[in-house]
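Visitor: Below, each chain spelled out in residue letters.
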Amino acid sequence: MRDFEELIAALAEGTLDDAAAREAEAALARHPDGASALADHRRALAAIRDTGVVSMSLEERQSVREAVAGAIGLGVTETAAVARPFRRSLWPALAGSAAVLVAMLAIVPMLSDLQGDGDGDAAFELTIRTGESVADDAGTLDLTESDPVLSFGGDPEADNQPLFADGQQSARSTVVEAPPETEDTTEAPIVTTTQPAGQHAETTTTTLAKSTEMGDPALLDELDEEMQSPSNRFDSAPLADEETDCVDIAAEILPTGTDEQVFVFAYERDDKPTLLVFFGVDDEGVVDRLAVLDPDGCDPLAARG
Amino acid sequence: MTDRASADIELLQRYLAGDAEAFDELMRHHEDRVFGICLRMLRDREAALDATQDTFITVFRKASSFAGRSAFSTWLYRVAVNTCYDHARRAKRHRSEALPEGRDPVDPAGEDGFTAVELRPDLEAALAALPEEFRAAVVLADVEGLGLQTVADALGVPVGTVKSRVFRGRRLLADALGNLADPSDPQSEEHDA
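Just so you know, the protein sequences line up as chains A and B, in that order. Residue 79 in this note's numbering sits at position 79 of the first sequence, and the numbers go up by one each step. Residue 48 in this note's numbering sits at position 48 of the second sequence, and the numbers go up by one each step.
Rather than coming from a laboratory, the hints here were simulated on the basis of the structure. Since the model is a prediction, treat every value here as computed from it, not as a measurement. Beta carbons: idealized from backbone N, C-alpha and C, even for Gly. Some hints could be false.
To be verified - Here's a subset of chain A near chain B, in silico, CB distances under 10 Å, partners left out: (1) Ala9; (2) Arg22; (3) Ala37; (4) Arg42; (5) Leu45; (6) Asp50; (7) Glu60; (8) Ala69; (9) Val262; (10) Asp294.
As the list claims (entries may be wrong) - Beyond 12 Å from chain B on every Cβ pair, some chain A residues (computed): (11) Ala12; (12) Leu16; (13) Asp18; (14) Ala19; (15) Ala20; (16) Ala21; (17) Ala24; (18) Ala27; (19) Ala29; (20) Val264; (21) Val286; (22) Cys298.
As the list claims (entries may be wrong) - Covered stretches of chain B, going by a simulated chain A footprint (3 or more residues, C-beta under 8 Å): (23) 44–58; (24) 121–135.
Input sequences plus hints: build the corresponding full structure.
Guide: Written as C-alpha cells, this is what we have:
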C-alpha cells in the first residue's frame, strides 16, 4: 500500500523520469483506485500551486517584532526598524516612465553620444552594488551583499551630451554633471550606491552627486541636499526574494525587446514615488545610458547616453 | 548543512551572545514563512499573528536549549505547528463556551492586495475541512514546499507517517474542492463522475 501511495504521489508531483512515469501509469491502470487517486492528487496540487504568497503587513511585522523583542527582554529601540514595503501604487508611475524611457532610448543613438565633443571634465561613474544573481525570469535585480559588479564607463568628453535639446526640456529638466572642482573627474559619481559598515546586508545607501556647471544649480542643490539628508537616504533591497517587501528604493529590469537590459531604480518617500532612475547596461555589464525622471508627469530631470 | 542553516546557527549564537541585530536577522528571514504556516493552520489572521509572535517568543526564550541536531528552521516550524495546535484548541474551547454556533471567524485579510495575498477561498475552505494532522502535513509539505524529512522533524513523526498524511490529506483536499466546486463546472462533473 505504501508503495502504491508513494507511486501516486511521485507521479502527481512530476518527480519521476519519463520511463518511470510510464511504468507507474501502467501499474496504476491495473489498480481499481489508481486513476481516481492520481486525479485527486493532481487536483489538490494544482489548487495549492495556484496560490499566492502570504506576508505580513508593515504594521503587523513591526508589531510582532516589538512584542517578541519586549517579551525576550530586548529593547524595542535595539531592534532594527522595519523598512517600508515597496507599494504597488508605484507601478503605474513606473510603467508610464518606462514608456518614456523606451522612447528616449530609441531617439538617442548611443554611439554618437559616446563619441560626442564634450568639455572633457564631466566624466562620471555609476557604481551599483548588486547581488550575485540577476533573476531574469523574475525581472528583478538583486541588490544585496556583494561587491559592485556594474560600473559606468562614461567617456569624459561624451557623457555630458544632453539627451534633450534645451527647447525640449521641461522647466524642471536639467543635465547632471560631475562637479567641476573635482580634479579626477573620472571618479566623480553621479550615482553611487554604498554599503556602510554595520548596515544590514541587503540595505544600501545611494547618494547623488551634483553639478553646478550645467543644468539648474538650484534644483541640483535641492536634490543633493535632500539626498544627503540621513532621513532621505535611499535604501535598496531586492524585489525577488523574501526580503523584497521592505524597501524604500527598488530596482527592476524592464523588458526592452533587445539584448540590452534596462534597470530602474524607484525611490519612494511617504508611500509616493518621487524619483525614478533608469539605466541601460550593455552586454559587458557597463552602464551606457542613464535617465532620471520625475514620476509625476514623467518629466526628465537628467539624462546621459 | 545548507548555507541558510549554517547562517541561522551563527545568528542564533550571536543572539545568545547578546547581539540584537542577530535577533532582527532571524526574525526577518523566518517571520513570513512562520506566519504563512500559522495563517494556513489557523485560517484567522489575528490568531496567526498571535501564533507567530508566540512561536518566536518560545524559540528565542529556549534558544539556549537548541541542540542543533536539526536545522534551526525545522525546530522553528515544529514550535510553530505546536503553537498553532495550542491556539486552535484554545479557540475551540473559547468558541464552545462563548458562542452558540461554532462558526470560524472570517479572515479579514485581503483588503490590501500587496500586504496580504491569501489562498484561494475554495482552497482555504478545503484546507479547513481537513483533520488537523493532515492539514499540518499538507500545509508544510505542499503549501510551504518543505522536504518530507523536514516536515517529519517539524511534526515529530516518522517520514512514512508524513507521506501517508500527505497522501490522505491531498485526497481529502481534492474531495473538499470537488464538493465546493460549481456544479456547472465541467471539470467538477468530470471529477465527480
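Visitor: Please check whether aspartate 294 (chain A) passes as an interface residue: C-beta within 10 Å of a C-beta belonging to chain B.
Guide: With Cβ-Cβ at 23 Å, over 10 Å, it is violated.
Visitor: For alanine 20 (chain A), is the shortest beta carbon distance to chain B beyond 12 Å?
Guide: At about 17 Å from chain B, alanine 20 (chain A) clears the 12 Å cut-off, so the statement holds.
Visitor: For the restraint on alanine 69 (chain A), tell me whether the closest CB of chain B is nearer than 10 Å.
Guide: Holds. Min distance 7 Å.
Visitor: Given a cut of 10 Å on the nearest C-beta pair, is the interface hint for alanine 37 (chain A) held or broken against chain B?
Guide: Hint on alanine 37 (chain A): holds, closest Cβ of chain B at ~7 Å, below 10 Å.
Visitor: Compute the least Cβ-Cβ separation between leucine 16 (chain A) and chain B, then decide whether it is above 12 Å.
Guide: Leucine 16 (chain A) is indeed farther than 12 Å from all Cβ atoms of chain B, at 15 Å.
Visitor: A closest beta-carbon separation below 10 Å is what the hint needs, so does glutamate 60 (chain A) meet it against chain B?
Guide: Hint holds; glutamate 60 (chain A) Cβ to chain B Cβ min 6 Å, cut 10 Å.
Visitor: Is the claim that alanine 21 (chain A) lies outside the interface with chain B correct, judged by CB distances over 12 Å?
Guide: Label holds. Min Cβ-Cβ 18 Å, cutoff 12 Å.
Visitor: Can you tell me if the segment 44–58 of chain B counts as covered by chain A, using C-beta to C-beta distances under 8 Å and a minimum of three residues?
Guide: holds (count 5)
Visitor: Please verify that the nearest CB of chain B lies beyond 12 Å from aspartate 18 (chain A)'s CB.
Guide: Given a closest Cβ separation of 23 Å, the condition holds.
Visitor: Does alanine 27 (chain A) sit more than 12 Å from chain B, CB to CB?
Guide: holds, 16 Å
Visitor: Let's test the interface hint: is any C-beta of chain B closer than 10 Å to that of aspartate 50 (chain A)?
Guide: holds, 6 Å
Visitor: With 12 Å as the threshold, tell me whether alanine 12 (chain A) passes as away from chain B on beta-carbon distances.
Guide: Alanine 12 (chain A) not clear of chain B: closest Cβ-Cβ about 8 Å, inside 12 Å.
The structure fails hints 2, 9, 10 and 11 (numbered hints given earlier, in ascending order).
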